[in-house]
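2 protein chains.
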Amino acid sequence: MAKKWVYLFAEGNGTMRDLLGGKGAGVAEMTNAGLPVPPGFTITTEACREYYANDKQFPAGMWEQSLEALKKVEQQTGKKFGDAKNPLLVSVRSGAKFSMPGMMDTVLNLGLTPDTLPGMIQLTNNPRFGYDAYRRFIQMFGKIVMGIDAEKFEHALQAKKEAKGVKLDTELTAGDLKEVGEEFKKIFKAETGREFPTDPYEQLRLAINAVFASWGGKRAVDYRNFSKIPHDLGTAVNVQTMVFGNMGSDSGTGVAFTRNPSTGENLLYGEYLTNAQGEDVVAGTRTPQKIAHLHDEMPAVFDQFKANAERMEKHYRDVQDLEFTIERGKLYMLQTRGGKRTAQAAVKIAVDMVNEGLISKEEAVMRVEPVQIEQLLHRRIDPSAKLQVIAKGLNASPGAATGKAIFDPDTAESLAKQGEKVILVRTETSPDDVHGMLGAQGILTARGGATSHAAVVARGLGKPCVSGCESLKIDYENGQFTTGGATVKEGDLISINGSSGEVILGAVPMIEPEMGAELKALLGFADGIRKLGTWANADYPRDARKAREYGAEGIGLCRTEHMFFEAERLPIVQRMILSDDPRVRKESLDKLLPIQKEDFKGIFRAMDGYPVIIRLIDPPLHEFLPSYEELLVEVALLREKGDKPDELAEKEALLKKVAAMREANPMLGLRGIRLGLTRPDITEMQVRAIFGAAIEVTKEGVVAKPEVMIPLTGHFNELRIVRDQLEGVAKEVMDQAGVKIEYKFGTMIEVPRAALTANEIAEYAEFFSFGTNDLTQTTFGYSRDDAEGKFLLEYVQRGILPNNPFQVLDRDGVGELMRIAVTKGKATRPNLEVGICGEHGGDPSSIEFCNSLGLNYVSSSPFRVPIARLAAAQAALTQTERDR
Amino acid sequence: MAKKWVYLFAEGNGTMRDLLGGKGAGVAEMTNAGLPVPPGFTITTEACREYYANDKQFPAGMWEQSLEALKKVEQQTGKKFGDAKNPLLVSVRSGAKFSMPGMMDTVLNLGLTPDTLPGMIQLTNNPRFGYDAYRRFIQMFGKIVMGIDAEKFEHALQAKKEAKGVKLDTELTAGDLKEVGEEFKKIFKAETGREFPTDPYEQLRLAINAVFASWGGKRAVDYRNFSKIPHDLGTAVNVQTMVFGNMGSDSGTGVAFTRNPSTGENLLYGEYLTNAQGEDVVAGTRTPQKIAHLHDEMPAVFDQFKANAERMEKHYRDVQDLEFTIERGKLYMLQTRGGKRTAQAAVKIAVDMVNEGLISKEEAVMRVEPVQIEQLLHRRIDPSAKLQVIAKGLNASPGAATGKAIFDPDTAESLAKQGEKVILVRTETSPDDVHGMLGAQGILTARGGATSHAAVVARGLGKPCVSGCESLKIDYENGQFTTGGATVKEGDLISINGSSGEVILGAVPMIEPEMGAELKALLGFADGIRKLGTWANADYPRDARKAREYGAEGIGLCRTEHMFFEAERLPIVQRMILSDDPRVRKESLDKLLPIQKEDFKGIFRAMDGYPVIIRLIDPPLHEFLPSYEELLVEVALLREKGDKPDELAEKEALLKKVAAMREANPMLGLRGIRLGLTRPDITEMQVRAIFGAAIEVTKEGVVAKPEVMIPLTGHFNELRIVRDQLEGVAKEVMDQAGVKIEYKFGTMIEVPRAALTANEIAEYAEFFSFGTNDLTQTTFGYSRDDAEGKFLLEYVQRGILPNNPFQVLDRDGVGELMRIAVTKGKATRPNLEVGICGEHGGDPSSIEFCNSLGLNYVSSSPFRVPIARLAAAQAALTQTERDR
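Residue numbers (the numbering used here), protein chains in the order written: chain A, 1 to 884; chain B, 1 to 884.
None of these hints come from the bench; they were simulated from the model. Please read these numbers as outputs of a predicted model, since none were measured by experiment. What you were told as hints is all true, and nothing was included just to trick you.
List of simulated lysine to aspartate or glutamate pairs, EDC-like, C-alpha gap at most 16 Å:
#1 A:LYS657 to B:GLU470
#2 B:LYS641 to A:GLU640
#3 B:LYS641 to A:GLU634
#4 A:LYS641 to B:ASP643
#5 B:LYS790 to A:GLU663
#6 B:LYS656 to A:GLU470
#7 B:LYS306 to B:ASP321
#8 B:LYS641 to A:ASP643
#9 A:LYS641 to B:GLU640
#10 A:LYS824 to B:GLU816
#11 B:LYS824 to A:ASP812
Given the sequences, and given the hints that come with them, work out the whole structure.
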């Protein structure tokens with residue numbers, strides 16, 4: 001007996017992708033789930049392989065089995081292949097294991113012949129439809145099965161339209177289309193040297209052969225080479241009954257979701273048209289009815305459809321997006337697939353399904369894309385709004401804002417105090433602009449990357465920011481900016497979308513953020529599953545409170561230097577930096593001490609009982625000083641004018657100091673622990689402030705858990721010396737107060753050498769925190785500020801890098817260093833606490849990687865903590881799956 | 001029977017360091033080699049351990065064995081311990097396995113008592129010597145053995161001098177010294193509560209005990225803790241006969257080398273004094289005689305000494321530095337050790353000894369410090385000259401030069417053309433200064449590290465350079481600089497020592513470099529031993545010729561961009577960079593093509609048959625443009641004056657372009673392969689030039705072996721694309737000419753990611769070259785220009801880093817990445833060619849590491865090639881030793 005080459009849909013199931021291809025297995029699964037699928041059969045991939053092994057001949061028995069299957073289909077449909085009255089028409093489609101462009105797509109209406117066409121016309125009572133279907137079939141068959149240049153058919157059609165003086169296909173009459181069909185047959189004969197087949201069996205045989213042949217076609221082979229799909233899989237062939245929704249008022253077609261894909265509400269959601277084909281629903285020439293209306297029009301069909309929908313949702317255990325056709329009162333389900341949904345719907349549906357007992361909490365957690373959640377947590381632009389986008393920059397800090405475009409920080413601040421909403425627009429921002437940024441709704445800059453001053457401060461403040469919008473030409477003098485063709489004058493309303501980087505003319509409708517009950521429930525499921533702690537980066541008490549609200553279990557990074565930038569502190573900081581007199585320096589630090597202590601107290605109170613990692617001063621000191629370039633110009637002008645010798649002398653002296661502190665590559669300069677070693681007075685003050693604050697809040701009953709983090713260690717000796725010194729200070733402060741605080745000392749791992757020598761560094765560190773922003777910069781040798789504007793985005797666009805490594809952790813390079821650091825660090829200190837506080841801490845792919853490394857926590861901006869909670873749970877589930 | 005605690009010198013040998021300590025084993029070796037060593041014995045370290053195990057009691061039998069040994073010494077010397085006529089005096093010294101500060105040093109003249117002193121006076125016929133020796137013994141014994149504060153004795157001596165109205169010890173008479181001795185005994189009694197011992201055996205017992213006790217003293221324990229020397233080794237005690245060169249005209253003392261330590265000439269070299277002690281030779285009150293004169297004065301002793309010297313040189317198979325004393329016609333050898341020698345002598349001696357059959361070539365190679373060779377290859381300051389050093393900067397490029405201090409490059413150039421020697425002195429240099437640098441003898445800058453423009457260009461030119469001499473205040477307007485107290489006016493003569501970083505007032509005597517026959521022979525030995533290839537970095541044909549002369553076997557790094565900086569080319573380069581018009585860019589590149597081709601032809605000719613690695617353009621393009629800061633000031637001033645609107649507009653436009661190309665961290669910016677991807681036209685021109693040049697010289701009969709090196713790869717995709725493009729260009733050029741050139745394509749490994757993903761990168765690279773300068777920068781996160789001035793030197797001084805990692809390769813961090821890269825790279829491509837072209841390529845420690853990694857070659861500046869040849873041979877020998 002011959003091998004079984006052909007499976008009726010009812011004979012297969014969803015697991016048989018290898019044999020039946022993806023499409024064949026899917027339609028078999030639907031059939032077996034009891035859905036009224038138009039009957040049909042699948043010729044196996046094995047048959048295709050045999051075809052190639054056998055010099056492109058159908059394997060023995062395959063054609064006979066296909067004919068038998070066709071007979072069964074005729075029985076099921078009550079139609080007959082080639083029958084003049086009630087003809088069975090079929091579609092023929094390829095279907096490999098993997099979806100694959102370059103293979104034969106679809107031939108519809110196969111079985112139409114001069115004999116069967118009249119029957120179809122009679123059944124649909126629509127000659128135009130009949131002739132149109134026939135000429136389309138000839139065209140499709142000619143092109144797809146026989147490889148005739150599509151241009152030839154288009155040309156003939158065009159000629160007909162010109163002859164008729166019409167422009168659109170739809171303006172052609174039934175008679176016209178009949179003539180076109182005849183014309184097409186002539187083309188067919190001219191091109192192939194044979195008559196267009198009038199025998200439906202011959203049509204079928206040719207179509208099946210064409211599917212097999214297309215597997216070996218150049219485009220398919222190229223695609224498989226590119227996608228590394230083996231060449232010996234072969235493709236299946238699916239032959240399925242055509243059904244028609246345009247056979248009268250008891251026919252129709254429609255699409256529906258089992259639940260509302262926009263809100264998640266558990267109600268059938270969709271629309272349909274009677275006496276219509278699928279393309280009519282899309283074309284928009286007639287207005288479709290809401291699906292509920294079907295209940296009135298065809299109550300039995302509606303009930304059947306509803307039952308099918310429910311069954312499919314139960315079967316696939318997810319919201320389904322269904323396509324159906326009603327042919328003369330009989331319902332056919334054409335397709336069912338997982339329904340795309342909004343963030344809000346995704347969360348609600350997942351939680352509802354858990355409550356309904358349909359899915360487990362683990363499944364619910366896997367059903368929502370973590371990044372979708374971000375949409376729910378920032379004010380965002382109403383997706384239905386029409387926007388006049390005038391420019392695009394970097395999406396530097398998420399959220400959206402509308403306000404008057406204001407070009408200087410003083411005006412921004414004073415307008416904000418009067419209750420005006422403003423967007424601060426600057427070429428780039430500096431510490432001198434912070435007061436204006438505090439007042440603004442959002443920040444827009446023409447220069448600077450995603451770690452530029454504007455971006456970092458904006459994220460810290462939780463304000464939307466678009467940075468590095470290079471097309472912006474800001475004309476401060478005339479109070480306007482231009483971009484492309486648009487000109488915005490100071491005071492004009494603009495909007496920015498910090499999540500997309502778009503700059504929009506005028507005000508736009510906004511949707512306020514919400515942390516609804518369903519989201520809370522979903523994150524609750526996630527909390528029960530994840531292994532990674534989810535901490536937050538927060539520099540101010542208000543950020544810490546926000547972080548707690550979003551579920552943060554600790555502060556992974558509190559940057560102390562932002563506190564230095566605040567307007568009333570900066571002059572003290574500058575005096576401290578610039579003075580050569582140790583007394584002046586000490587005096588300045590003494591002034592800063594109580595201020596920093598207050599900051600820390602606020603954070604400790606907000607994080608009562610949770611750890612707070614405080615990073616000691618990191619940036620080069622010259623960042624706190626006035627701009628070298630501005631001073632240079634000022635001095636040159638003062639010299640030229642020569643009328644203010646005192647001011648000149650003063651500025652010259654300042655210039656000299658600023659010049660002496662300048663660095664060619666500040667990113668790689670005197671910063672981090674290097675500052676701690678060369679200017680120990682600053683870090684000592686900071687440690688005094690940290691422990692002083694911890695002691696004072698302890699007396700209020702707050703549990704403070706400071707962890708002192710030393711940035712940029714590269715050699716264990718650095719850490720040994722600095723830790724010795726600072727732990728001494730900490731002990732002195734605690735001894736003086738007679739209060740013991742639970743604390744840790746640790747370091748950031750942010751230069752490759754620290755990772756490579758982590759075994760030595762762990763001798764002096766109780767915790768590691770991966771500063772993956774800097775680690776990415778040093779591992780790639782990229783300055784983020786320079787790279788993103790100058791070549792990195794081009795790299796991603798050209799596929800040189802799979803992602804922007806500052807957004808998605810580079811596993812092969814940076815990740816490899818992390819792996820080395822974790823392994824070596826834990827070899828020295830098995831209970832080493834390891835986390836990540838770079839921006840990757842809020843990126844799901846990076847979180848997955850951190851989970852696989854066995855880190856203790858990820859720390860992200862407060863707004864991303866919910867994302868991290870969900871992503872961490874997904875990572876834990878994926879890992880469990882992988883380990884199985 | 002008791003254990004053997006005591007060894008006569010004749011009973012031990014050089015291998016018994018564990019038991020006899022270093023000193024004891026050494027003196028035993030000398031004795032056994034047949035040298036007339038003053039007899040003595042060693043008490044073992046085991047005795048010391050037993051002493052500590054036994055509550056600080058001498059182990060049973062030790063004292064008795066010591067007395068027995070003493071008897072044998074008496075027999076050997078014909079003297080007697082405590083004898084009034086011919087007393088045996090001894091020295092007592094500690095001697096652990098490792099030389100160790102903090103332990104008891106030496107007690108001399110032990111055995112002097114009121115009974116034996118007269119005998120000594122008689123024997124020496126020198127009462128002053130006798131009394132002086134006695135008071136010194138009391139003082140030494142009191143201080144070292146009994147722990148009396150040395151101040152007490154000094155105080156009494158001072159009082160005597162004051163009483164006598166004299167200033168110097170030597171002005172005191174025999175009678176004065178006798179009284180001092182009595183005074184010292186009183187102090188001894190007052191401090192210890194006992195009389196100064198008059199029994200020589202008690203003196204000996206106390207001294208031995210003091211040696212043992214000093215092993216457990218605080219300073220010794222601290223030192224062992226610091227140096228990680230185990231505490232349970234114990235120390236030995238050496239007791240040795242004193243001999244005296246001041247016992248009349250048949251006595252004397254001297255020092256000599258077996259060969260001339262300055263020239264290496266094979267002749268005894270040294271001096272002596274008759275009737276004198278060792279300290280008299282040093283004191284300089286009498287003029288010593290040349291050693292040859294001893295032949296006339298005491299022919300028998302001279303012959304004996306000469307024979308001893310020859311025997312010792314043969315025994316130790318190296319030049320010996322000998323100390324001897326003649327006591328009443330009898331020669332004693334006090335010490336022999338390897339003789340320190342100059343670079344020149346070291347080379348000559350090593351080669352001579354091979355020729356004499358005394359040592360092997362391998363040994364000869366191990367006898368010369370590679371860095372010593374450098375002295376022989378640069379003009380250097382006569383080491384005997386007295387210098388007025390006025391400042392110190394970085395030793396940025398080796399060699400020395402004298403010339404007029406000139407502050408601007410134009411003057412420097414024109415004076416040089418008139419035959420004047422000038423030193424170009426600048427705050428820092430830029431491409432605009434190169435013509436002045438070419439004319440100057442040397443370069444001195446106030447700012448910039450060892451990779452600053454000045455340093456890199458100077459090394460390339462082989463000119464001495466002192467950079468980053470921060471104390472220099474240059475006053476261009478008044479044509480002078482000051483440093484410390486010194487002021488140098490333009491035109492004053494100064495000298496610089498680029499090997500030490502010194503700046504010297506006035507002209508200084510110089511020694512010209514030489515590559516003598518002996519050095520060539522030694523390097524020939526090295527070439528036969530080493531496994532590493534020694535290549536050179538050379539940017540110009542003249543450097544390549546120099547490299548060949550010094551034995552380079554290839555060019556490891558030819559930097560193409562230096563060629564762009566030359567005066568006549570820079571304007572073309574700038575136009576090419578600044579133009580937005582592709583035609584102008586192409587036109588500029590077309591002009592540069594033949595110029596670059598000529599450069600390469602010269603290099604190929606010089607390296608006929610040897611590989612030449614040419615690195616494509618690496619620095620950010622803005623390095624070729626005018627200074628942003630200068631333009632900023634120019635524009636501000638032009639605006640202020642408002643009288644030159646055209647010039648203002650032009651400068652504004654230029655400023656805008658320069659501003660757009662500025663980078664926050666150019667080291668991590670748009671450079672290297674990133675330029676190759678974003679501005680492929682430049683690298684394409686370079687590849688055309690390389691292959692064009694190779695083809696043209698091939699027609700001359702030259703064998704050109706270009707290897708195209710792409711800098712700064714971080715991801716294999718970068719290299720894949722660039723290599724594809726450039727190899728296409730190369731093939732096109734070769735096809736057009738119909739000439740096939742043997743070539744390779746490869747990349748630098750200079751960012752950590754490249755090392756970590758070397759397996760992927762090796763798919764597209766036939767060779768790797770470690771750019772360890774940049775790799776050190778990125779691995780540590782150090783910008784070299786910033787770090788060296790701002791914290792790195794402090795780090796090295798404070799011991800935070802063991803070395804400046806830009807000079808000596810950091811094995812734990814950078815080296816670990818290299819190890820990973822070699823392992824992963826060779827896993828993909830077993831025949832991968834791997835080398836190093838960073839500055840470490842010329843550093844012996846780094847070369848040793850490269851040898852251990854199995855690299856193919858090291859590449860250094862031409863002047864360091866001989867160093868590399870020697871260091872590579874030493875590395876191979878050390879490795880073989882280790883592998884054994």
